[in-house]
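Undergrad: Here are the chains, one letter per residue:
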Amino acid sequence: MSIARAIFQGCALTDKGLSRARNEDSVGLHITPGADAALAVVADGVGGNPGGDIASKLAVEHLLAAAGAGLPQRRLDNWLRQAVLAANHGVRRQQGRNDAHAGMATTIIAMLARGNRIAVAHLGDSRAYRLRGGRLTALTVDHTVAQAMFEEGTYSREDLARSPYQHVLTRGLGLMDTPDCPSLLHVSEVGDQYLLCSDGLNKVLPERDIQRILTRQCSPQEHARALVTEANAAGGPDNITVALLQRTPKAED
Amino acid sequence: MATLALLVDGVLVNSFPLDAEETRIGRAADNEIRIDDLAVSGHHARIERIPNRYMDGINDYFLRDLGSTNGTLVNGQRIERIHLRPEDEIRIGWNTFKLVDEQQQPMDKTAYILPDD
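Going line by line, the protein sequences match chains V and L.
Under our numbering, the first residue of the first sequence carries the number 1, and numbering increases by one thereafter.
Under our numbering, the first residue of the second sequence carries the number 254, and numbering increases by one thereafter.
Keep in mind the hints are simulated off the structure, nothing from the lab.
For every residue, glycine included, the Cβ atom is placed at its ideal position computed from N, Cα and C.
Treat the hints loosely; a few may be bogus.
Derived, one-sided and incomplete: chain L residues facing chain V with beta-carbon distance under 7 Å [claimed, not checked]:
1. H336
2. R338
3. W347
Go ahead and model the full structure; you've got the sequences and the hints to work with.
TA: This is the structure:
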């Protein structure tokens, strides 16, 4: 079975927010010259240890370099997981070279689209969402202590929403040699919009607000700007990063 | 060790240790925290101490209402069971409590736990 042809457009935007001295998020977007395949990635450097900004930058650079060498035709989920693990390896190597970067780590959310297939891989609490038919759906489950406590039944949904452990990661890039990185394949439809974001967006903007913004008829650039603007209007307590990918309704056969 | 502080007009008037897996709160004599207040049920609520599975040395405290007549309120909302945070205001009858737990620093920046490999 051949993969249906699809065309992608996208936009990536990162903003320091209003409270943080530095931007420790990184973002990358690679769209092939024919726009028939795309890779998007967001990484949020882990605070507490120095080098979070370097870890997130390195991770994104690794994925963009892998994309530049050629995006796969099939088995997108497998390719994407391997690319994240290679980025993890790169960050681990850098930790060994410089004592100041020994504990650096980052979250990562990566997406790879070709045809009607779309792969999503992640470590940590950066998220992927899909907007289809006006409805926003989360495609990832956070790797946090709060989420783990919810899944095992210790937490109610209300506990999860107000937990002090929402920022405590159970997985991340740079923490171990071979992290357990989920990579799932989804089927995309014409008109789908995909959003990758750091928690500086989804911790301040409720999902109904994200849905409202993405439902507006405008370009990915305008969507990205609106998301960042509203997150800052809601206080902008953290760095805000978004990557948008749209399977366009045009130029398909 | 965490304690439950009894506050009157924001002033600490009593402090109860939460040094057992369960600490019962009520008007009856067999409660660890006994409250002489007609608005409090005989066995009103209990605090459950649960070691956090992911973070060594961290205990979590869950407050559970035991079917009390007037309810157990956290930040003005009636609850059945809830994970207590130090900033929460607990109301039982006419009494206001707060959890005091020095282990639980607010975690407003992304942190991570070390994996076990």
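Undergrad: Next step is simple, just say for each hint if it's right about the structure.
TA: For each hint, the structure was consulted:
no.	hint	result
1	H336	4 Å, holds
2	R338	6 Å, holds
3	W347	25 Å, violated
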